[in-house]
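Using the hints provided, position chain B relative to the given structure of chain A.
Protein sequence lines correspond, in order, to chains A and B.
Position one of the first sequence corresponds to residue -9 (our numbering), numbered consecutively onward.
Position one of the second sequence corresponds to residue 33 (our numbering), numbered consecutively onward.
It is worth saying that the hints were derived from the structure and are not from the lab.
Quick caveat: nothing in here was measured; it's all calculated off a predicted structure.
There could be a bad hint or two in this list.
Stated by the list, open to error - Distance condition first, Cα-Cα at most 25 Å in a straight line; then the derived PhoX-like pairs of lysine-lysine:
| # | chain 1 | residue 1 | chain 2 | residue 2 |
| --- | --- | --- | --- | --- |
| 1 | B | Lys300 | B | Lys407 |
| 2 | A | Lys21 | B | Lys407 |
| 3 | B | Lys86 | B | Lys64 |
| 4 | A | Lys21 | B | Lys64 |
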Amino acid sequence: MDQVLEFISLHQNMIYLVALMIFLGIELIEKVPSVLHTPLMSGANAIHGVVIIGAIIIMGQADDIFAKILGFIAVILGTLNVVGGFVVTDRMLDMFKKKKK
Amino acid sequence: MIQQYILDIIYIVGAFSFIFGIKLLGKPESAKKGNFIAAVGMALAVFGTIFLYKGENEMHLKNLEWIFGGLIIGSVIGTMMAKRVQMTQMPQMVSFFNGMGGACAALISLVEYHHVMAVDSIDVMPVMETGKAIVIYLGLIIGSISFAGSMLAYLKLDEKIKDKVLPFQQVFNIGLMVVILGIAACSIFGWVAIPNSLYILLAISLLYGVLFVMPIGGADMPVVISLLNSFTGVAAAFGGFLYDNKVMLFGGILVGSAGTLLTVLMCKAMNRSLVNVLIGNFGGGAKKGEARAITGTIKEITKTDAASLMKYSKKVVIVPGYGLAVAQAQHICHELEQQLEANDVEVKYAIHPVAGRMPGHMNVLLAESNVAYEKLMEMDEINPEFKSTDVVLVVGANDVVNPAAKNDPASPIYGMPILNVEEATTIIVMKRSMKAGYAGIENELFYNNKTRMLFGDAKKSLTELVAELKNV
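Same shape as in the complex, but just chain A:
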């Protein structure tokens, strides 16, 4: 248990950040019209693709074949999440734009 307490103390900045981010996330979404829920969900989906950074780090530090293979797959899947997510959101939003003309 001591270790858990130590972990919290060591990472207190991160924990403050987490608490603030949770409120910020809620504030940002609260007033969004339901029309935009789908693009917003899709955009948020692309943003959590930031997990790719972790994949890049493990790939970049991989020495053995196990880490290399898993890291490589992780980079591909993470990229799919990021690129696919942003492109699909962009396509959706294109449709909202057209009718403005």
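For chain B alone, coordinates are given in the frame of chain A:
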């Protein structure tokens, strides 16, 4: 050292681009810009990491050819999939990409665990810092649940797999969750030595993800996708803890909390609680038999009659549903609207919050066919207007206009806010057949005295209606 400072600044810029991105995504005018800003921030963070990141040993990242190879393969496949997908298949596409993110998070945990194991070379219990162990184990559990759940949701929405409720499913699921948490706690705190506990957890978590989504009915799928979306966000945030990387933490938590709120908003639109969605088996058929029997007769209408009825109306409201999207009839629907307006008929669209398969999905589909934004009315705006409406044209919608939601407490959709179409003078329902809707329940609206049915494929019927309108 200067490189580290630059990378820190890049991460700050990246994190803020996510916040601004989500903020701008919340308004129709600026949404596209928001998406672009977030994408640029992401690209900065990715390339910054590749070239400037230094690990604990002060070494730059190696295996660059592998990294770029992965990036290129992922980008090509991702772009192709995203460009090719039909707008109607958008929900399953989002679910698929979400699953990829979850899998990525799970793989990161696997490799990090492997590192720790290799260093300690003890195959029973790695001596790990408790904090690091928590992050690795939870990242793996949440990531793999999100992956398995999203892939199943993808397959279900694509109609490759049907809903299935196993006996004692809920009890079994809860039991499985307890097992997962138990094994994780034992391993993290070193209470009991379980060999290869992470791999066991991987297997159970994947199974849990499947069983978690399996019994949830199609109509509730958007809620589940949104929930899994926030799961992946949390898994990404654990990665942020693991590498002390604030941009991962920012992005992950932001999506985790925004996604959770979005999930709750979706549940509200259906007037149900999240718990009810997750264990209620809505549309799973469990309660099908209890709903009230409906008496009455079906009255059909010919296309010619329907056309002239609408032409001599003052006000027509179109209620589009998923059936319209499946038949790819959005464009011809827009044409019908133009034809009617040429005859001085006022036309509006009534969009139920969960029309289509996700909130706002129908708006995207209609916007794609150039329907003017101002004509799309949300439920609360249009409901008072039905009394003064001459004809309501229901195209491929069912559950969202089912009066059972208001007057039959035994119905599984009881309590869901619906469009009050039965207040209009005449209701024309376009439907392929008398098959029940997505929630699997009968609709007494079809037996109403004011209702006329127009059977057939939505696209074909609408095309013929437009032709008739030009004639009469």
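Q.
Against the 25 Å threshold, does the CA-CA distance of Lys21 (chain A) and Lys407 (chain B) hold or violate the hint?
A. Satisfied, since the Cα-Cα distance of roughly 21 Å is no more than 25 Å.
Q.
Run the distance test for Lys86 (chain B) versus Lys64 (chain B): straight-line Cα separation, threshold 25 Å.
A. violated, 34 Å
**Q.** Distance restraint between Lys300 (chain B) and Lys407 (chain B), which requires alpha-carbon spacing of 25 Å or less
**A.** holds, 24 Å
Q: For the pair supplied as a hint, Lys21 (chain A) and Lys64 (chain B), confirm whether the alpha-carbon distance does not exceed 25 Å.
A: Given that 25 Å is the threshold and the Cα spacing comes to 18 Å, the pair holds.
When held up to the earlier numbered hints, the structure conflicts with hint 3 and nothing else.
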